[in-house]
Amino acid sequence: MARPNLIDKFRQAVPAPAQRTLNALLRTAEGEGLTLYLVGGSVRDLLLERPTLDIDLTLKGDAPALARRVAAELPALRCVVHSAFRTATLKGAGFRLDVATARVETYERPGALPSVRPGSLRDDLLRRDFTVNAMALALTGDRRGGIIDPFGGKADLKAGLLRVLYDGSFRDDATRILRGARYESRLGSRFEPETLRRLKRDVGYLKAISGPRIREELARLWREPQPERILLRLSELGALQAIHPTLSFDGSQAEAFG
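Residues in the sequence shown are numbered from 32 upward in steps of one, following my numbering.
Since the hints were made in silico from the structure, they are not lab data. Backbone N, C-alpha and C fix where the C-beta goes; we use that ideal spot for every residue, glycine too. Heads up, a few of these hints could be off.
What the hints assert, rightly or not - Simulated restraints on C-beta separations:
1. 246 / 217: 14 to 22 Å
2. 275 / 82: 18 to 26 Å
3. 48 / 269: 42 to 50 Å
4. 51 / 198: 38 to 46 Å
5. 58 / 82: 24 to 32 Å
6. 36 / 246: 19 to 27 Å
7. 275 / 221: 43 to 51 Å
8. 249 / 85: 39 to 47 Å
9. 99 / 278: 37 to 45 Å
10. 92 / 51: 15 to 23 Å
11. 256 / 105: 32 to 40 Å
To be verified - With a straight-line cut-off of 27 Å between C-alpha atoms, the simulated DSS-like cross-links for lysine-lysine are:
12. 91 / 238
13. 185 / 40
14. 238 / 189
15. 238 / 185
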């Protein structure tokens, strides 16, 4: 069902300095007959009526080319293109907008960064970590205002469940375990039973993740309101020990946070 009011809510959530850039992106995409989608956690947060922390946009087309055209129109913008991932970031004063080509990801080995190739919107949503982050909101085109939800993300969001999209999800990218623990704390969600079984089966694949990627995820954890709850949960799941056998965290340490 179309939800045009979600676009209004999204526009209101976009920081004022980014409004002009967003409008230029939408206008350029519409002028070229492209459908631009808001994807990932941004859609989840809109449905929960929570502040939108990230603005991730996807289209079936050449995202870097679209971003370059908008940057040429707005000279104050800086356009950073990541050719290997077919993405671009538009940076202005105090904001950034990420624009990506809808893509398929494949992993050569557990923990490796993925190889990408152009794909459909469904392909792009399938590469997400959990179903609640695998929804899209059409911002332009015939489906404008409509939510695209091929994997049941809205139902899982309502039920407070975190569900991976395929069996090998944690093997491909074990940082999803760390993100899942953050979402449990932030959203008040819980791993659905089959996802929890897969997590416990594959938690050892955290050893395959590079040090810089682990540090980045842990830094994000510390920015959450109650990092001690997340650390305790990760310890319960065996994730801290998988990162390094000397890592542990227990209730007495959690109490020290006050």
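These are the hints, each one checked on the structure:
1. Checked against the hint of 14 to 22 Å, the C-beta distance between residue 246 and residue 217 comes to roughly 20 Å, which is consistent with it.
2. Between residue 275 and residue 82, the C-beta spacing of about 34 Å breaks the proposed range 18 to 26 Å.
3. Between residue 48 and residue 269, the C-beta spacing of about 43 Å keeps the proposed range 42 to 50 Å intact.
4. Between residue 51 and residue 198, the C-beta spacing of about 44 Å keeps the proposed range 38 to 46 Å intact.
5. The hint said 24 to 32 Å for the Cβ distance between residue 58 and residue 82, and at roughly 26 Å that hint holds.
6. Judged by the Cβ atoms, the range 19 to 27 Å given for residue 36 and residue 246 is violated: they are separated by roughly 40 Å.
7. Between residue 275 and residue 221 the beta carbons are some 26 Å apart, a value that contradicts the proposed interval 43 to 51 Å.
8. Restraint check, residue 249 to residue 85: a C-beta distance of roughly 19 Å breaks the suggested window 39 to 47 Å.
9. At about 44 Å, the beta-carbon gap between residue 99 and residue 278 stays in the expected band of 37 to 45 Å.
10. As the Cβ distance of residue 92 to residue 51 is approximately 22 Å, the hint placing it in 15 to 23 Å holds.
11. The given range of 32 to 40 Å is respected by residue 256 and residue 105, whose C-beta atoms sit roughly 35 Å from each other.
12. The suggested pairing of residue 91 with residue 238 is violated, with an alpha-carbon distance near 35 Å, which exceeds 27 Å.
13. Distance check on the hinted pair: residue 185 and residue 40 sit about 17 Å apart at the alpha-carbon level, within 27 Å; holds.
14. This hinted pair does not check out: residue 238 and residue 189 have alpha carbons roughly 33 Å apart, beyond 27 Å.
15. Between residue 238 and residue 185 the alpha-carbon distance is near 32 Å, which puts this suggested pair outside the 27 Å criterion.
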